[in-house]
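S.K.: Following the hints, position chains R and X against chain B.
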Amino acid sequence: MTSLVSVENLTVTFPLGQRLFGAPPTLRAVKNVSLQIPKGSFFGLVGESGSGKTTLGRAILKATPIEDGKITYDDGSWKCSIAEMSKAQERHFRSQTQMIFQDPYAALSPRMTVRDIIAEPLEVLGLTKTREETDARVREIAGKCRINLEHLRRYPHAFSGGQRQRISIARALATGPKFVVADECVAALDVSIQADILNLLKKLQHTLDLTFLFISHDLSVVAHVCDYVAVMYLGEIVEEGPTKQIFANPKHSYTQALLGAIPSLDPDQRSRVVR
Amino acid sequence: MSLLSVDNLTIQFRTDEGLITAVENVSFDIQPGEVLGLAGESGSGKSVTAKAIMQLNGHNTVYDPASKIVLHGDPDIDVFSLRRERDMLPIRGGAISMIFQEPMASFAPAITVGKQMVEQLQVHTTMSKSQAKELSVEMLDRVGITDPGRRFDQYVFEYSGGMRQRAMIAMALTTKPRLLIADEPTTALDVTIQRQVIDLMKELIDDFGMSILFITHDLGVIAQTADQLAVMYLGRIMERGPVRNVLRNPAHAYTRGLLNALPNLEDLDAPLMPIPGDIPSPLERPSGCVFHPRNAELAPGSRYETEVPPMTEVGPSHFAAVFPEDVR
Amino acid sequence: MITDAVRTVPAIPLFMAVAAFMPPEMTAEARFFYISLILGLIGWPTLARRVRTHLLTERNQEYILAAQLSGATSSHVIRRHLLPSFTSYIIVDLVISFPYMVLSETALSFIGLGLKDPVSSLGVLLQKATSADVMLNYQWYFIPVIFFVVLVMAFVFVGDGLRDAADPYSETAS
Numbered sequence: 001m002t003s004l005v006s007v008e009n010l011t012v013t014f015p016l017g018q019r020l021f022g023a024p025p026t027l028r029a030v031k032n033v034s035l036q037i038p039k040g041s042f043f044g045l046v047g048e049s050g051s052g053k054t055t056l057g058r059a060i061l062k063a064t065p066i067e068d069g070k071i072t073y074d075d076g077s078w079k080c081s082i083a084e085m086s087k088a089q090e091r092h093f094r095s096q097t098q099m100i101f102q103d104p105y106a107a108l109s110p111r112m113t114v115r116d117i118i119a120e121p122l123e124v125l126g127l128t129k130t131r132e133e134t135d136a137r138v139r140e141i142a143g144k145c146r147i148n149l150e151h152l153r154r155y156p157h158a159f160s161g162g163q164r165q166r167i168s169i170a171r172a173l174a175t176g177p178k179f180v181v182a183d184e185c186v187a188a189l190d191v192s193i194q195a196d197i198l199n200l201l202k203k204l205q206h207t208l209d210l211t212f213l214f215i216s217h218d219l220s221v222v223a224h225v226c227d228y229v230a231v232m233y234l235g236e237i238v239e240e241g242p243t244k245q246i247f248a249n250p251k252h253s254y255t256q257a258l259l260g261a262i263p264s265l266d267p268d269q270r271s272r273v274v275r
Numbered sequence: 001m002s003l004l005s006v007d008n009l010t011i012q013f014r015t016d017e018g019l020i021t022a023v024e025n026v027s028f029d030i031q032p033g034e035v036l037g038l039a040g041e042s043g044s045g046k047s048v049t050a051k052a053i054m055q056l057n058g059h060n061t062v063y064d065p066a067s068k069i070v071l072h073g074d075p076d077i078d079v080f081s082l083r084r085e086r087d088m089l090p091i092r093g094g095a096i097s098m099i100f101q102e103p104m105a106s107f108a109p110a111i112t113v114g115k116q117m118v119e120q121l122q123v124h125t126t127m128s129k130s131q132a133k134e135l136s137v138e139m140l141d142r143v144g145i146t147d148p149g150r151r152f153d154q155y156v157f158e159y160s161g162g163m164r165q166r167a168m169i170a171m172a173l174t175t176k177p178r179l180l181i182a183d184e185p186t187t188a189l190d191v192t193i194q195r196q197v198i199d200l201m202k203e204l205i206d207d208f209g210m211s212i213l214f215i216t217h218d219l220g221v222i223a224q225t226a227d228q229l230a231v232m233y234l235g236r237i238m239e240r241g242p243v244r245n246v247l248r249n250p251a252h253a254y255t256r257g258l259l260n261a262l263p264n265l266e267d268l269d270a271p272l273m274p275i276p277g278d279i280p281s282p283l284e285r286p287s288g289c290v291f292h293p294r295n296a297e298l299a300p301g302s303r304y305e306t307e308v309p310p311m312t313e314v315g316p317s318h319f320a321a322v323f324p325e326d327v328r
Numbered sequence: 001m002i003t004d005a006v007r008t009v010p011a012i013p014l015f016m017a018v019a020a021f022m023p024p025e026m027t028a029e030a031r032f033f034y035i036s037l038i039l040g041l042i043g044w045p046t047l048a049r050r051v052r053t054h055l056l057t058e059r060n061q062e063y064i065l066a067a068q069l070s071g072a073t074s075s076h077v078i079r080r081h082l083l084p085s086f087t088s089y090i091i092v093d094l095v096i097s098f099p100y101m102v103l104s105e106t107a108l109s110f111i112g113l114g115l116k117d118p119v120s121s122l123g124v125l126l127q128k129a130t131s132a133d134v135m136l137n138y139q140w141y142f143i144p145v146i147f148f149v150v151l152v153m154a155f156v157f158v159g160d161g162l163r164d165a166a167d168p169y170s171e172t173a174s
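Residue numbers (the working numbering), protein chains in the order written: chain B, 1 to 275; chain R, 1 to 328; chain X, 1 to 174.
Keep in mind that a hint or two might mislead.
[As the list claims (entries may be wrong)] Here are a few chain B residues that sit away from chain R, every Cβ distance over 12 Å (derived from the structure):
{"#": "1", "residue": "L16"}
{"#": "2", "residue": "G17"}
{"#": "3", "residue": "P25"}
{"#": "4", "residue": "S51"}
{"#": "5", "residue": "R58"}
{"#": "6", "residue": "E90"}
{"#": "7", "residue": "P110"}
{"#": "8", "residue": "A188"}
{"#": "9", "residue": "D209"}
{"#": "10", "residue": "E239"}
{"#": "11", "residue": "T243"}
{"#": "12", "residue": "K244"}
{"#": "13", "residue": "A257"}
{"#": "14", "residue": "G260"}
{"#": "15", "residue": "R270"}
[Said to hold, decoys possible] Taking lysine to aspartate or glutamate pairs in the DMTMM-like style, the calculated list, with each CA pair at most 20 Å apart, reads:
{"#": "16", "chain 1": "B", "residue 1": "K251", "chain 2": "B", "residue 2": "E236"}
{"#": "17", "chain 1": "B", "residue 1": "K202", "chain 2": "R", "residue 2": "D269"}
{"#": "18", "chain 1": "B", "residue 1": "K62", "chain 2": "X", "residue 2": "D160"}
{"#": "19", "chain 1": "R", "residue 1": "K202", "chain 2": "R", "residue 2": "D190"}
{"#": "20", "chain 1": "B", "residue 1": "K144", "chain 2": "R", "residue 2": "D278"}
{"#": "21", "chain 1": "B", "residue 1": "K244", "chain 2": "R", "residue 2": "D78"}
{"#": "22", "chain 1": "B", "residue 1": "K244", "chain 2": "R", "residue 2": "D269"}
{"#": "23", "chain 1": "R", "residue 1": "K202", "chain 2": "B", "residue 2": "D268"}
{"#": "24", "chain 1": "B", "residue 1": "K39", "chain 2": "B", "residue 2": "D74"}
{"#": "25", "chain 1": "B", "residue 1": "K144", "chain 2": "B", "residue 2": "D209"}
{"#": "26", "chain 1": "B", "residue 1": "K244", "chain 2": "R", "residue 2": "D267"}
{"#": "27", "chain 1": "R", "residue 1": "K176", "chain 2": "R", "residue 2": "D76"}
{"#": "28", "chain 1": "B", "residue 1": "K31", "chain 2": "B", "residue 2": "E8"}
{"#": "29", "chain 1": "R", "residue 1": "K51", "chain 2": "R", "residue 2": "D78"}
{"#": "30", "chain 1": "B", "residue 1": "K203", "chain 2": "R", "residue 2": "D269"}
{"#": "31", "chain 1": "B", "residue 1": "K129", "chain 2": "B", "residue 2": "E140"}
{"#": "32", "chain 1": "R", "residue 1": "K129", "chain 2": "R", "residue 2": "E119"}
{"#": "33", "chain 1": "R", "residue 1": "K202", "chain 2": "B", "residue 2": "D266"}
{"#": "34", "chain 1": "B", "residue 1": "K178", "chain 2": "B", "residue 2": "E140"}
{"#": "35", "chain 1": "B", "residue 1": "K202", "chain 2": "R", "residue 2": "D267"}
{"#": "36", "chain 1": "R", "residue 1": "K133", "chain 2": "R", "residue 2": "E119"}
{"#": "37", "chain 1": "B", "residue 1": "K70", "chain 2": "B", "residue 2": "E8"}
[As the list claims (entries may be wrong)] Cβ-to-Cβ under 10 Å is the rule here; a few derived chain R residues that face chain B:
{"#": "38", "residue": "G161"}
{"#": "39", "residue": "Q196"}
{"#": "40", "residue": "L200"}
It is worth saying that the hints were derived from the structure and are not from the lab.
All figures in this text were calculated on a predicted structure; none of them were measured in a lab.
The beta carbon of each residue, even a glycine, is placed where N, CA and C say it ideally should be.
Here chain B stands alone, though its shape is the one from the complex (with noise of 0.2 Å):
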């Protein structure tokens, strides 16, 4: 089982506040957190407000600035540090990880057509020639992610949220990256969308050879489509393992915590249990 991504004790801090003498206080989102991230793999990162998931998820994506610590990718044929990538470095590491957000309407501009939208990645990187090459991806990328060609030339705000998630995970995969960080990207959509969505990230992942790093706080969803996951507690991770070992057998008292507080839908019963 070889390592996507491996992350080797990272801590993430964030000033709070400023001061006009001295440093001032700093929170620790992440804290000396280790992981891997196994190649081909949809693995979950599960935990509460405050736990740190998104933090971590951002840092690996070197969206926030690293404290201390290593993270590397090495996805077999092109490997580097992230911490200490130079310009050029990072130009391939956008081209080949991407993240799909939360909230379906502020992760996309408002006045771009989704046409532009799905293409911007590829224009910034350079990786098409001409217009007409761009225009084909683009088709492409929308037609695996069921996005009718004929809605590519309106704007977000014509779409529903299960419409604009879509949107979003083209635009990740349009330049053919190995690795997504999904952060909390089925959180804001109804329940009958959500599933549709996680069906459409699961055959993405099959058909396009994805590794997925799953972020979210909803530990039902995380159960039934991750195949690793690692439970985060205010900055730590206290718990990981193959999903259903995890559920079957929940060691940290957290982890049980969290299992326990799921509602059942058996009024007869107080929280799910998993057999």
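M.R.: Coordinates of chains R and X only, in the frame set by chain B:
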């Protein structure tokens, strides 16, 4: 004798794009001491329905003249007959209290929590300030806020998320309402805090004996708290009945679809089954049964495309919007 | 901080000081030119502040982060996302500031610091209306006020319309 009866409630909104129907022919009853769960996704009209009971919808709201909301008691109050804002006063916060999804939005940020609670009591009761304070501190304690005396004098931003929700519940219950309307009270909370708030609400139901109209999209939360369940889709009630019956023997395709779309923790390998299609825009309401375009079980050209099915009895006190010949 | 510092400079005393320094033999056009220059220098902080607040919020939007995660450089982000978002502000501000400039000039000429006879402007016209004699007997001298109000309203409506056309998806669009 029910506590609240809602009959043929139809609500439309005047917008730039025309008249949008948010709620259509919704009828239900809430018995004293009962918890009715109103479940639905976005666009189902559940929040609009709740706000209609408190007359909190905006000025562009059009209520159909056949709609009736009656709060039974001595005397019966027909909510739509109350012409003036101040006639609603004894109801809002008095006989009926409401709590919302975002507690931060319910408390004024620049006034201490205690002051707001006392103010509410002074509006609805003849208590003196010190009596009101005593009752408020007692309620804060009752909802599980530690050190309630100190918390009374704090501002809402000094409270954590779960505490704010508890404070909102405390404030809603000080006036001993007969009906509590809870609009997505646990949706914004972490799952462990949600568990605590659900347990708290169940205790309070036992203590206070009030009825609750519990609005949420989370069927698990409803299963744990409600006695009766009504499922709404696109402004209509699709199914209604005792919670065990509806969840265990769903009679309407939408209820079945919702339950199937939920991740099932019993079988982690089972695929997730979404409901096909998307929730239509409110400007494009389907004819007949509003759910028919997404109902995979229907054959094309069925009755449901053109006719609105009646609420048919499918079990004891259990109704669904299906034609009698389709009852399983 | 700088914008705040500039905004604290009181306008009228500044003009009085400038007026004191301007030699009387300076032509009306030159006078006009200098007044416009100074009005412009005093006026920019307000717009700058608003644009800055708007940009700070926009910068934290997730679609900006999405662009950055695709490797977009700062100049791309500015050009493609941030700049179009505040064109509406600039247009509106531009159009609304016309009446403010007219008002400022009117005020200045009214108190005698701006243009003078024989050059004519709304302010000069109104200056004539200051004497008690005129106020009592020759009320028609106040007619320029009506023109002024109509002018300002016209610019406001045009500005609103332009803003709605340029940025229909801004939050303030009804």
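S.K.: Determine for every hint whether it applies to the structure shown.
M.R.: We went through each hint and held it up to the structure:
1. L16: At about 15 Å from chain R, L16 of chain B clears the 12 Å cut-off, so the statement holds.
2. G17: Nearest chain R Cβ is 15 Å from G17 of chain B, so the label holds.
3. P25: 18 Å, holds
4. S51: S51 of chain B not clear of chain R: closest Cβ-Cβ about 9 Å, inside 12 Å.
5. R58: 20 Å, holds
6. E90: 35 Å, holds
7. P110: 18 Å, holds
8. A188: 10 Å, violated
9. D209: 20 Å, holds
10. E239: Label holds. Min Cβ-Cβ 15 Å, cutoff 12 Å.
11. T243: 7 Å, violated
12. K244: 6 Å, violated
13. A257: 6 Å, violated
14. G260: Violated: least Cβ distance 7 Å, not greater than 12 Å.
15. R270: Non-interface label fails for R270 of chain B: nearest chain R Cβ at 7 Å, not farther than 12 Å.
16. B:K251 to B:E236: With Cα atoms ~15 Å apart, K251 of chain B and E236 of chain B stay inside 20 Å; holds.
17. B:K202 to R:D269: 13 Å, holds
18. B:K62 to X:D160: Outside the cut-off at roughly 42 Å; violated.
19. R:K202 to R:D190: 18 Å, holds
20. B:K144 to R:D278: 18 Å, holds
21. B:K244 to R:D78: 54 Å, violated
22. B:K244 to R:D269: Satisfied, since the Cα-Cα distance of roughly 10 Å is no more than 20 Å.
23. R:K202 to B:D268: 14 Å, holds
24. B:K39 to B:D74: Holds - the C-alpha atoms of D74 of chain B and K39 of chain B are around 9 Å apart, at most 20 Å.
25. B:K144 to B:D209: 14 Å, holds
26. B:K244 to R:D267: 10 Å, holds
27. R:K176 to R:D76: 18 Å, holds
28. B:K31 to B:E8: 11 Å, holds
29. R:K51 to R:D78: Distance of about 15 Å is within 20 Å: holds.
30. B:K203 to R:D269: Holds: K203 of chain B and D269 of chain R sit about 15 Å apart, inside 20 Å.
31. B:K129 to B:E140: 16 Å, holds
32. R:K129 to R:E119: 9 Å, holds
33. R:K202 to B:D266: 16 Å, holds
34. B:K178 to B:E140: 17 Å, holds
35. B:K202 to R:D267: 17 Å, holds
36. R:K133 to R:E119: Status holds; Cα separation ~10 Å.
37. B:K70 to B:E8: 5 Å, holds
38. G161: Result: holds, 7 Å to nearest chain B Cβ.
39. Q196: Interface hint status for Q196 of chain R: holds (8 Å vs cutoff 10 Å).
40. L200: 14 Å, violated
Violated hints, in rising order: 4, 8, 11, 12, 13, 14, 15, 18, 21, 40; the structure is consistent with all others.
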